[in-house]
Amino acid sequence: MKIKKLLFLAIPAMAISGLTGCGAKYDVKITVYNWADYIYDGTDDDGNIVDKSTVKRFEEYYKEKHNLSLKVEYRTFSTPEEMYSKLKAGSVKADLICPSDYMIQKMANEGRLEPFSYNESTGKYGESLKNFEDNGSQFIKDRFKSVKLKDGNSFLTYAVPYFWGTMGFTYDPDYFEPEEVGTWECLWNKDAKYKNQFSLKDSMRDTYVTAIFHVYRDEIKALDEDDPDYNAKLTAIFNRCDDATIAKVEAALKEAKKTTINTFEVDEGKDDIVKGAYHANLAWSGDAIYAMDSAEENEPAKYLNYALPEEGSNVWFDGWCMPKGANKEVAEEFVNFISIPEIAVLNMSYVGYTSPIVGDEVWEYVKETYAADEKVEDTYEVDLSFYFGKEAKISIDSEEEGRQFDAQYPTEEVLKKCCMMNDFGDQQKKVEEMWVRVKAA
Amino acid sequence: MEAVARQRRHRFNFRGSLNIPFVVFMVFFVIIPLFLILFYAFTDAEGHFSLKNWADIFSSAEKWKTIGMTFLVAFATTAICLLIAYPIAFILSNKKFNKNKVLVYVFLLPMWVNFVVRTMALKDMLNVAFITMFKTQLTASYPLLGTIVGMVYDYLPFAILPLYNQMLKMDKNQIEAAADLGANPVRVFYKVIIPMTVPGIISAATMTFMPTMSSYVIAFHMSNGKLPIIGTLIEFYFNTGTGGYNSGAVLSLVMLIIIGFSLVAEKLSDKKDDSRKAGIW
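Here the protein sequences come in this chain order: A and B. Numbered per this note's numbering, the first sequence spans residues 1 to 441. Numbered per this note's numbering, the second sequence spans residues 1 to 281.
This is chain A alone, in the form it adopts within the complex (with noise of 0.2 angstroms):
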């Protein structure tokens, strides 16, 4: 009879273990901690599995290296925040993790980042991530390098590159010219053509800087763009977040809240815009690339474009990322492997975004993928060698003009308007109360 009380414990006790358990089956283990669908599953269009995965590649490629067991335990998250405040709580324990670049900048400075191997004055990285040393792109290495870090760092010790792009509005040609979305102030624009019709970001770091530019519109006019620190100066203002400025930017999301802006959203706006629910929709370069490319795909086919606004945009980069305590040498050899060419191009294809690995057959994929058919007569011409670091110059047909290959590869000119986001720092608290009082008016 005692048995069986015992049992009757013993079963609730075997349920949780059972949660906890079965760790020795494995040499090693890691925890990659990565936004939801940011890295090549395997899997067609259709969802069904025809290939092996990044991770799966990795534990078989680690496997054959070091003759040990591992397993990479893979969870996702779906804002930087979201990864912040589990990392923070303890919920979430991580050896690798790929936040945005201002949410980098925060943990960084908060020091709850292990450095990678990074020579600050040489501006190498050691042997262990020699793929990303030879193959990343020098455009982003020194994008990554003009961020400072408050110990005197700079943003390559802490992070490495992953995916990057932009961010602009994925519109419908048939309802927007691209000179009316091709501005910021259509947000505020009175007129009835625009009311309701642009979906914003429900994520306040975003939504924010699409008002800054609204806010001081006649300041950034008034800069000059020939001027070698352009970029730095519309930064600059980019990234204000004093008082006046909250403020302003808080008045002006009311307004636009008020007449233009239909949704608030995250994820479904790049299917709301197939649908036709707005014609506009704040959206990430990659969003709006499977927004184009789904619209595509629909019956009959529709025809979506992507502008970034003349005043400039953002441009975020994501990176991997050691928080404190990981097991630094597979996190390391993880993203060495990573950026190995060839594994870039799986997970670009798949993820849609821009990945900052330039080498030989990332190139051959561009060409691939977007190179104009040589039957084809009107075409332009986009070089790109700032950004492969050789010659590289590509013909797009001019049908496809603000479509998947401009959103993915902007030009250099295009870039020197796109600003890093910074972490609002000790002004965050008051941000996020006018962002509440935005919500509620």
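Any given hint might turn out to be false.
Claimed, not checked - Taking lysine-lysine and the DSS-like style, the derived pairs with C-alpha atoms no more than 27 angstroms apart in a straight line are:
# : chain 1 : residue 1 : chain 2 : residue 2
1 : A       : K88       : A       : K328
2 : B       : K52       : A       : K429
3 : B       : K52       : A       : K195
4 : A       : K430      : B       : K52
As the list claims (entries may be wrong) - Covered stretches of chain B, going by a simulated chain A footprint (3 or more residues, C-beta under 8 angstroms):
# : region
5 : 57 to 66
6 : 123 to 136
7 : 221 to 228
8 : 232 to 238
What the hints assert, rightly or not - Beta-carbon label-pair distances, calculated as ranges:
#  : chain 1 : residue 1 : chain 2 : residue 2 : range
9  : A       : A251      : B       : L168      : 52 to 60 angstroms
10 : A       : E399      : B       : L36       : 56 to 64 angstroms
11 : A       : A236      : B       : L83       : 55 to 63 angstroms
12 : A       : A236      : B       : D56       : 56 to 64 angstroms
13 : A       : N119      : B       : K52       : 21 to 29 angstroms
14 : B       : L83       : A       : D51       : 51 to 59 angstroms
15 : B       : F22       : A       : D267      : 19 to 27 angstroms
16 : A       : K254      : B       : F49       : 30 to 38 angstroms
17 : A       : D191      : B       : T132      : 41 to 49 angstroms
Calculated from the structure, these hints are not laboratory results. Every residue, glycine too, gets a C-beta built ideally from N, C-alpha and C.
Using the hints provided, position chain B relative to the given structure of chain A.
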């Protein structure tokens, strides 16, 4: 020895031990989380005791507005649900119209489909209808109306079912007697039928009020993210805010207290009326 063993055997209560999984479940998934909420609500980001979270929330006009908006949505939804559900339940409980209860299933059928799917479908449908009729989208132009429509649609079965259960138990003889004794139909309705269904009404009201108070997904989709209610605010704090767990926990407690009050109110009205047996709670 034999006797001792028997005694011991006697002390072990097999039926009682069946409670153990339940108790373990309650401890892990109800009591500990509740204490965690309490802990976060009364501490600051460093884990020291603090009432600042409460001061922050209650000193802000927007938070009050949000709480008020949640009440408005919940009350409106409850009232409209009752108004629609009452006649429906009345008809359903009439054997003449609803011989084999098929109609009851017709009203419950939508609940077999996941409510997010239903909400999204309703949103698209209403928006298309509104564009053709009024040249504007319901959810984009009238977020409050959209939210209430969505809530009523989703929670109507919760109002119908308790009312229907109660009405099945109504004493039809009393209604006939009242009519025979000369009461006109209106008088029969509010003198006889309503008093007999009060427990069902209370049950239906709590069943719709509680989920609307704490709802999040419906409000988010049916207002295109433009109408803040407590649920969306909690989500924002937990996922975005600095020290968000603390402010989010305060709001969760506020919601808990409001729901607790509505349950207490239900229990109080329960005591006055001993005949009440049909409520789901």
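Hints and how they fare:
1. A C-alpha spacing of about 19 angstroms is found between A:K88 and A:K328, which places the hinted pair at or below 27 angstroms, so the restraint holds.
2. A hinted pair counts as satisfied when its Cα atoms are at most 27 angstroms apart, and B:K52 with A:K429 qualifies at roughly 14 angstroms.
3. Note on B:K52 and A:K195: the hinted pairing is violated, with a Cα-Cα distance of about 41 angstroms set against a maximum of 27 angstroms.
4. Simply put, A:K430 and B:K52 have alpha-carbon atoms about 15 angstroms apart, close enough for the 27 angstroms limit, and the pair holds.
5. For the region 57 to 66 of chain B, the stated coverage by chain A is satisfied: 5 residues place a CB nearer than 8 angstroms to a CB of that chain, which reaches the threshold of 3.
6. Here the region 123 to 136 of chain B counts 3 residues with a CB under 8 angstroms from a CB of chain A, which clears the bar of 3, and the coverage holds.
7. For a cut-off of 8 angstroms, the count of residues in the region 221 to 228 of chain B with a CB near a CB of chain A stands at 4, and the three-residue condition holds.
8. For the region 232 to 238 of chain B, the stated coverage by chain A holds: 4 residues have a C-beta nearer than 8 angstroms to a C-beta of that chain, and at least 3 were required.
9. Distance hint check for A:A251 and B:L168: the Cβ-Cβ separation is about 57 angstroms, which falls inside the suggested range of 52 to 60 angstroms.
10. In this structure the hint that A:E399 and B:L36 lie 56 to 64 angstroms apart at CB holds, the actual value being about 57 angstroms.
11. The hint said 55 to 63 angstroms for the Cβ distance between A:A236 and B:L83, and at roughly 58 angstroms that hint holds.
12. For A:A236 and B:D56, the Cβ-Cβ distance of about 31 angstroms falls outside the hinted range of 56 to 64 angstroms, so the restraint is violated.
13. Between A:N119 and B:K52 the beta carbons are some 44 angstroms apart, a value that contradicts the proposed interval 21 to 29 angstroms.
14. Taken as a hint, the range 51 to 59 angstroms holds for the pair B:L83 and A:D51, whose Cβ atoms sit roughly 57 angstroms apart.
15. The given range of 19 to 27 angstroms is broken by B:F22 and A:D267, whose C-beta atoms sit roughly 38 angstroms from each other.
16. Hint check: A:K254 to B:F49, Cβ distance near 36 angstroms, so the stated range 30 to 38 angstroms holds.
17. Take A:D191 and B:T132: their Cβ atoms lie about 22 angstroms apart, and the range 41 to 49 angstroms is violated.
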